[in-house]
Structures are given as structure tokens and as C-alpha cells.
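Participant: From just these sequences and the hints, can you work out the full model?
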Amino acid sequence: MVIVVGWLVRKTINVAPWVEQRPMEVASGDGALSLLPVQVGLGVFLAVATSLFALLISAYHMRMMEADWATLALPRVLWLNTALLILASVAMQWTRGAARWGPMDNVRKGLIAAGVFTFAFLAGQLWAWQQLNATGHFELSNPAYAFFILLTTLHGIHLLGGLLVWARTTARAMRGVELAKVRLSVELCTLYWHYLLLVWAVLFAVLLHTHR
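Under our numbering, the residues of the sequence shown are numbered 2 to 213, in order.
For the record, the hints were derived by calculation from the structure and aren't laboratory data. Glycine is no exception: its CB is placed at the ideal position from the N, C-alpha and C atoms.
Derived DEER-like restraints, expressed as beta-carbon distance ranges:
1) Q132 - W102: 37 to 45 Å
2) L199 - G103: 22 to 30 Å
3) S59 - N107: 37 to 45 Å
4) G44 - E179: 24 to 32 Å
5) V41 - E67: 36 to 44 Å
6) L165 - L209: 27 to 35 Å
7) K110 - H62: 40 to 48 Å
8) L161 - L56: 14 to 22 Å
9) A202 - L56: 12 to 20 Å
10) G103 - V45: 27 to 35 Å
11) Q94 - G157: 16 to 24 Å
12) V45 - G98: 20 to 28 Å
13) V203 - N134: 20 to 28 Å
14) E67 - A181: 50 to 58 Å
Facilitator: Okay, structure coming up:
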């Protein structure tokens, strides 16, 4: 995952604009779809990540059938965290529109807002861990708690990977580069944030269904 994120950062930030704008054909014929290499790379990465989360959810359901499974009460702060991630995704979508039509000042505001909501979401996840610790569930021997930590940590790591690209894009926007030079990065970040919001919605629904 780290290798793929690093490659995406290099492709979206460090490659010359004339290289970025060179599409690749992913299908032949009149209906061919032209995509940039970085877009194809992100699509492959999301497919792999989806498979990983699907496997973990399947393992979660199988593990909870064992006799030693003990359910735990989910912290209510997870509802707030979900709202924060929704706001982050909305902010990224708004930024995407600003990157298409301008002005650049709106792109800066949107990127900052998305970053603030995302960092607040991650802080809220740490708060949820602390709440579980306060209730005495901070034991990895408890499979329910271990899976909660695993799922939320993996999702958080994916968000941190996206924040690397977000930070580079925001830094370039703050330096006053041309709007066209950050548009691709903003669009890819927007797609990634929407994807992670969907992943979290699924994970949260699974946790709610199996915990009380």
C-alpha cells in the first residue's frame, strides 16, 4: 500500500504537466476509454483495497461464531466520526468543482476544510479507542476488540495515505500554482475520499449489526 501511495504521489505531483496529460487507451474501438496512468493505478489500488476489506469482513463474521466471542458496546463518538468523514467527503467534492471552474482561492479553502474534517475524524477514532479502554475492553485477547482495532486501524492507515497526497496538493495550491496543475490531484483525492467514506459506512454498519 505504501509503495502504491508513493507512486501515486510521484505521478500526480512530480511528473511534468505534459506527461500527466498523456492518456492511455484501456480499450480498443470507437468506445475506447482514455485514462491517465495514475487513474488506472488508483483504480487497481482501490480494487485491491476492496478485496482486502471484504476478506477481513468475512473473517470477522466467521470469527464471531466462536464460543469465546464477547460483544462490546460501541462508543457513541463513532456517530460523530461518521458525520465528520461525510463532511470531509462533501468538502472534497466541493473542491473538485472549484478546481474545474475556479477561482483558486476556493480550491484552497476546500482542501483545508477537507483536511480539517479528516484529521478530526482520525482524532475521533483515537478517542473511541480511549473510551473502550476506559470500559475495560482494552485487551487484544478479546477477539471483538481485536477486530475493532484492526478494522479501524486499517481504514485509518488508508486515510493517512490519502492525506499524503492531500498535503502535497494543498502545499502546491498555497504556493499559487496554476489551477490546471492541481486539478488532477484534486479529482483523484475526491474519488479516494468518497471511496473511504463508502468503506467506513460498510464497516460501521457491520460493527453496529454485531455489537450492542
